[in-house]
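So the sequences go chain by chain: A and B.
If you read the first sequence in this note's numbering, its first letter stands for residue 1, the second for the next number, and so on.
If you read the second sequence in this note's numbering, its first letter stands for residue 1001, the second for the next number, and so on.
One or more hints might be untrue.
[What the hints assert, rightly or not] To give an idea of the interface, some chain A residues facing chain B are shown, with a C-beta separation under 7 angstroms as derived from the structure:
1) A82
2) A83
3) C96
4) E152
5) H165
6) S166
Hints are computed from structural coordinates only; laboratory data are not their basis.
Beta carbons are placed, not taken as given, at the ideal position from N, Cα and C, and that holds for glycine.
Now for the letters of each chain:
2 protein chains.
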Amino acid sequence: MCRELTLQRDLLRHNDAGAAGLRQRFAAAGVRVVNLLSSPGSGKTALLEAACRRLATQDKPPRLAVIVGDLATDNDAQRLRAAGLPAVAITTGQACHLECAMVEAGLHRLEHQGIALAQLDLLLIENVGNLVCPAAYDLGESLRLVLVSTTEGEDKPLKYAPIFHSADLVVISKIDLADAVGFDRAATHAAISRVAPHARVLEVSARSGSGLDALMPILGLAIPATR
Amino acid sequence: MCRELTLQRDLLRHNDAGAAGLRQRFAAAGVRVVNLLSSPGSGKTALLEAACRRLATQDKPPRLAVIVGDLATDNDAQRLRAAGLPAVAITTGQACHLECAMVEAGLHRLEHQGIALAQLDLLLIENVGNLVCPAAYDLGESLRLVLVSTTEGEDKPLKYAPIFHSADLVVISKIDLADAVGFDRAATHAAISRVAPHARVLEVSARSGSGLDALMPILGLAIPATR
């Protein structure tokens, strides 16, 4: 067990060094970076698709790109590209989280597609769907966004405390399903503020678009005018 | 990276040895053991609560006990005890999965509560909510049950292939929400049969009880007569 803990510490230290390098690189390029984390199926991809649709109504939409991590398939990257977002898939195989070396590989592949970091306003990193392991891996992001959907039950922040504790912003997704699933709003907000009292909290529906306009400025984006 | 892989292999080998020991112990005690795995919030605890309610209608209900793994809180164990199921919580801290040593600790705590393995018909192990890491850890179970809820999206089996591939039984949970979430039944079943062609598949609603009577015999339990 000791050997495992020591190795884990070494790996995290190695990743932290990588994160410091990435953070410098992002700052030099003047790009904001958001790390999206959640359970599988909480709606990370759907949120990005909805945000992209909303931004497309702007005269001069911001320039975004996405690095998407998944064990297998590039389904999410395909969905995002179909929504008009440049996206590269990092297939992690057995790995349960993204780490800095994978983000660097993703940046390299974006560059190969002619997308330089300095041209972007916002880089989105959609992590592997997992409420445990990705918490410990800093990816050099400026903002950590943790999603929890109304369908998952109100005690998830208490049960998966480290990842919520690490969040700058908690998005309660699928708010359109609140009635259908008997969502306990008060208990969910109480659980979030207990483990992440510093975090902003937003209720969002990717389906109806509700909450998206409140999300935009937090991501550093202007709210598109409604046409 | 090599050192990490070697250590991972050592840990899995150590766990496999533990699983062989547990499997012998379970066989000697004549107890069936089910390992329940899913994302956070797919309804593992709700399924066990519903099964327990259904079984309570029997004249001579089977003897069950549950070992529940969570990073933090004993919420699920409390819910299960309230439903009439003897349950002990294993709090894993940072650990993203249960392993054999934790199951042994859980058995020890059940024994301290006067619940001997040989008295049980069925031992349920509710794993940490995680579709990645628990896949590799054999717990000596006789049946591996992986849940995926209708709210999570139809491509989860393809994206988290190893855990579905390891399943004996896949339960599609929250089937009562199928219409509300626009559940794509055909795509979900196709995804499951692609990565787990050997697995049985059941659609279940813990809320309405639908599918529970089909589940009982697979768990080795008699279907309770409807009173």
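> Once the shortest beta carbon distance from C96(A) to chain B is found, is it less than 7 angstroms?
Replying inline: 4 angstroms, holds
> Do the numbers back the hint for S166(A), that is, is its least Cβ distance to chain B under 7 angstroms?
Replying inline: 13 angstroms, violated
>> Take the shortest C-beta to C-beta distance between A83(A) and chain B; is it under 7 angstroms?
In response: 16 angstroms, violated
> When the nearest CB of chain B is found for E152(A), is that gap smaller than 7 angstroms?
Replying inline: 3 angstroms, holds
> Per the CB criterion, is H165(A) less than 7 angstroms away from chain B?
Replying inline: Hint on H165(A): violated, closest Cβ of chain B at ~10 angstroms, above 7 angstroms.
> Regarding the hint that A82(A) lies at the interface with chain B, is the smallest CB-CB distance below 7 angstroms?
Replying inline: 14 angstroms, violated
The structure fails to meet hints 1, 2, 5 and 6 from the earlier list, while all remaining hints are met.
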